[in-house]
Amino acid sequence: MGIIVSIGHTNASYEQAVQAFSAGARIVTHIFNGMRVFHHREPGVVGAALNFSKAYVETILDLIHLHPATVELVYKCKGSKKVVIVTDAIAGAGLPDGTFKLGPIEIIVRDGVSRLPNGTLAGSTLTMDRALKNAVKIGIPLAKALEMVTLTPCKAMMIKGKGCIMEGNDADLVVLDKDLNVIATYLKGEILSCN
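Counting in the working numbering, the sequence shown runs from 1 upward without gaps.
Derived by calculation from the structure, the hints in this document are not laboratory data.
Note that the coordinates shown come from a computational prediction; the quantities given were computed from them, not determined experimentally.
Worth double-checking, as some hints may not be accurate.
Straight-line C-alpha distance at most 25 Å; calculated SDA-like pairs for lysine to any residue [said to hold, decoys possible]:
1. K160 - E72
2. K155 - L116
3. K101 - R130
4. K155 - H39
5. K81 - S22
6. K133 - E72
7. K178 - L151
8. K137 - P68
9. K155 - G168
10. K144 - I4
Simulated restraints on C-beta separations [to be verified]:
11. H40 - D170: 38 to 48 Å
12. L176 - G112: 18 to 28 Å
13. C77 - L192: 33 to 43 Å
14. S13 - H67: 16 to 26 Å
Even for Gly, the Cβ is constructed at its ideal location relative to N, Cα and C.
Start from the sequences, fold in the hints, and give me the full structure.
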């Protein structure tokens, strides 16, 4: 598989990001978050990622890290084949509000939002099923949203044999009901959980 280079947690300029993509970087870690703010005179990593056709971009789809209109903009610029939906989840994901550790850093989760003591967002409590629901809620077609949580991440990471159902691929599956709630999870064809 080799090394996959992702640009994130950076103050890189537009020119530096273009150089990184030209040198082989292929992903932007949670676009708009942990990077220089997009500005019309200095678009930074965000502008480079949206302009560079080969770049994959990750989006934290909790609708807290990114406004729905921002997600729509990214989706319109990149499409389902280049947008990867991620959770950026911390240890508190799926748990009641409280205090958690992110390495040595204390994270406070209140009303489902994870922050540093100074109020800065720090990861999320998002689960992938909620991210998928959020994508559909803001108008991304279900088939495209499913691609963004399955096949596109595998292509971004150059992982073969996963991400879609086809002969020869691992039978890693999540079964959802009509409301996109998880019914069952399979790993290599073996059931792990069933609701």
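Here's how the hints hold up against the structure:
no.	hint	in the structure
1	K160 - E72	violated, 28 Å
2	K155 - L116	violated, 33 Å
3	K101 - R130	holds, 23 Å
4	K155 - H39	violated, 30 Å
5	K81 - S22	holds, 20 Å
6	K133 - E72	holds, 14 Å
7	K178 - L151	holds, 21 Å
8	K137 - P68	holds, 9 Å
9	K155 - G168	holds, 16 Å
10	K144 - I4	holds, 24 Å
11	H40 - D170: 38 to 48 Å	holds, 45 Å
12	L176 - G112: 18 to 28 Å	holds, 21 Å
13	C77 - L192: 33 to 43 Å	holds, 36 Å
14	S13 - H67: 16 to 26 Å	holds, 24 Å
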